[in-house]
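Asks: Please work from the sequences and hints to get the whole structure.
Chains S and G are the protein sequences, given in the same order. Quick note: the first sequence, position 202, residue 202 per the working numbering, numbers continuous. Quick note: the second sequence, position 26, residue 26 per the working numbering, numbers continuous.
No lab work stands behind these hints: they were computed from the structure. Hints may be right or wrong, so weigh each one.
[Claimed, not checked] Cβ pair distances, simulated, as ranges: (1) S/206 - G/121: 55 to 61 Å; (2) S/206 - G/27: 53 to 59 Å; (3) G/298 - S/328: 32 to 38 Å; (4) S/323 - G/313: 55 to 61 Å; (5) G/130 - S/206: 41 to 47 Å; (6) S/57 - G/180: 35 to 41 Å; (7) G/308 - S/328: 44 to 50 Å.
[Said to hold, decoys possible] Part of the chain S face toward chain G, derived, beta carbon under 10 Å: (8) 87; (9) 114; (10) 302.
Note that the coordinates shown come from a computational prediction; the quantities given were computed from them, not determined experimentally. Ideal Cβ positions, reconstructed from N, Cα and C, are used throughout, including at glycine.
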Amino acid sequence: MQKRYLKIMLVTLVCTALILTLSFLGCKKEEAAGGASMQVKTYKDPSEITIGFSLWTMQFTFFQNVEKGVKDACKDFGFKYVMIDQNSDATKMVQDINALVGQKVSGIVITPVDPGAIGPAVENARKNGIPVVCADIGKSGPVNALLISDNFKGGQLAAEFLAGKLNDTSKPLGLGNLLPQWTYARQRGEGFLAKAMELGYNVAANIIVQNPSAEGGYDTMQQILSAVPDVAGVFFCSGREAVGAAQAIQASGKNILSVGYNGDPEEFQAMKDGILNATVLQQPYYIGYRSVEILKEILLDGKFYENVEVPVDVKLVTPENMDEIAAEILEKTGNSAFPTE
Amino acid sequence: MDELRSRQLKQKLGLFWGNFGLPLIFILIVIVFSITSPNFATSYNLLSNFGFASYVGIAAIGMTFVIMTGNFDISIGSMLALVGVLGSSFIPKIGGVGGVLSTVAIASFLGFINGIFVTKLRIPAFITTLGMLYVFRSLAYIYTNNVPVYISDRFWLYFGNGKLFGVIPFPILLMVICYLVAYLILRKSPVGRYIIAVGTNAKAAALSGINVDNIKILVFTLLGLFVGIASIVNSANLGAANPGLMGQNYEFQVITAVVLGGTALSGGNGSLGGSLVAALIVTFLGNGMGLMQVNSYWQLVATGLVMIFAVSLNKLKFYLLGQGE
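Replies: Structure, rendered in structure tokens:
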């Protein structure tokens, strides 16, 4: 009896290996025959167009504003709109993109939780003639366009602000950097380092925030304080981390300037409370809106976009211009720049 | 006489529900979504979902075995990430085939280690696998310095994105084969009988001459093997192996599928078919609600409620069979 079932299992395994080999070889042949360029279907009537949006999460104000931009643009251009929340899950993201392809949407906007994981799903969408635009974060493999904040410039603005306030090149600076996987966002740190060096400042501590959160920022700031006790100014490359770092500075009782990045409500509040000195504001609403505008250009106007990187401008927010910028944000997005009660 | 007839009817209904209850719920879900969402019942969407179900479905086989022996393993999410980054990082040196084989081998070895801790060191499975959850995830971070491993090898990618005859997603075939092999092990080989015996009453099994420790080590090793296969499918779907994002909450999804499928956490009683159908239910439910534009937070609420509903219906089987309270 046992031998019989061993035989059955062996035959099953051999058959599997055979099918796998044959089908894989078949697939290779198909690939060799197929072309790399995509065929996009163009439309005349905007009401026939459906835009699918796969979003990292609706938990954070930044992404809520990206979503509002996408939604408003669809409304303005007369497109139908479908949104699926990735719930911060890369596997769900891939399944969602696939579901959008199954729904035969006309174009896809993605704000990916893991930019490294969109490759095969985007390839599949484009094979099906669906153009893909990444709204922020990053990409892997070809997409039609990627809208990304001018992160390098943002880092430079932070260094310029600290240099302008300190006005003494002998004072050391610190950097709360991002994890290596965030290729595009890491340019914030690169911009900061380049500008600081250009202005003659020494960035004496460059530490990665291992736990991307306010707590992680707090811990990293303490590490910077231990490594460089006379640090005079710090730049943290993300909003929540910057707020955590500002709280660590406050707890230390030292007079250290701090700059954040994003323009999160927590940062606006921290500036209002006088514990954060500035932040670099991104434009999530514009990123969302412009992503759909690019799809409109592809789908209605037949314009060609292939792997185009569109930099989105950033600006410095300080306690001096904070209220003015908050009013602008409220007008554009309907969301307060400050935390809601 | 009437009482006898009523008992017989109850037993028939109980058996029917036991065999077909879960598939009926699955069919009901498919029908409801087909009516409510015009894009749900397309061949593309249905086939894609069968393929995606393999992510949970394949590991659910191994977890069914482990739970049947009265244990469970909560380290599999971290194991999925660790073996994914290890195997895919070997591709440049040993090629796609070598990468795939080494992934499965390493995963089996990690499962074997879990089994050794549980049996030879007598550390409860919960504590062992909780510890390993941290160890595996941390090793994945250390090995990669938290930088994802990007995969471009076509052989590896085929496991997640390949299509048999250009139509059927390859993960479906892989999942079917895994279930067939598992079925043969569980129902047609002495090993299967030993697994059931160990889960039902380990002491009695030991007295009958079964090496209980070896059976437990075997099921943990088999779980590792299936997690290895699932890791290849998942990282191929994603085109990358990410040490931090791969396999988050995976253990809960897999254990949910196994329990929903009718395997008792107390061990002994288990159903491979049930685990498969439950994995399909979880996948199709998520997809259907997404297509219906249900808010993602409500999706989680609905998924939780459907699971409680399905498990409570499972209780109905025991009531009808006169085996439950």
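Asks: So, for every hint listed, does it hold in this structure?
Replies: Hints, one by one, checked against the model:
1. S/206 - G/121: 55 to 61 Å: The hint (55 to 61 Å, Cβ to Cβ) is violated, given that residue 206 of chain S and residue 121 of chain G are roughly 43 Å apart.
2. S/206 - G/27: 53 to 59 Å: At 58 Å between Cβs, range holds.
3. G/298 - S/328: 32 to 38 Å: Since residue 298 of chain G and residue 328 of chain S have Cβ atoms about 33 Å apart, the given range 32 to 38 Å holds.
4. S/323 - G/313: 55 to 61 Å: The hint (55 to 61 Å, Cβ to Cβ) holds, given that residue 323 of chain S and residue 313 of chain G are roughly 58 Å apart.
5. G/130 - S/206: 41 to 47 Å: Cβ of residue 130 of chain G to Cβ of residue 206 of chain S: about 35 Å, so the range 41 to 47 Å is violated.
6. S/57 - G/180: 35 to 41 Å: 39 Å, holds
7. G/308 - S/328: 44 to 50 Å: 47 Å, holds
8. 87: Where the cut-off is 10 Å and the nearest Cβ of chain G is about 5 Å from residue 87 of chain S, the hint holds.
9. 114: At about 5 Å, which falls below the 10 Å cut-off, the nearest Cβ of chain G leaves the hint on residue 114 of chain S intact, so it holds.
10. 302: With Cβ-Cβ at 26 Å, over 10 Å, it is violated.
In this structure, the hints that do not hold are numbers 1, 5, 10, in rising order.
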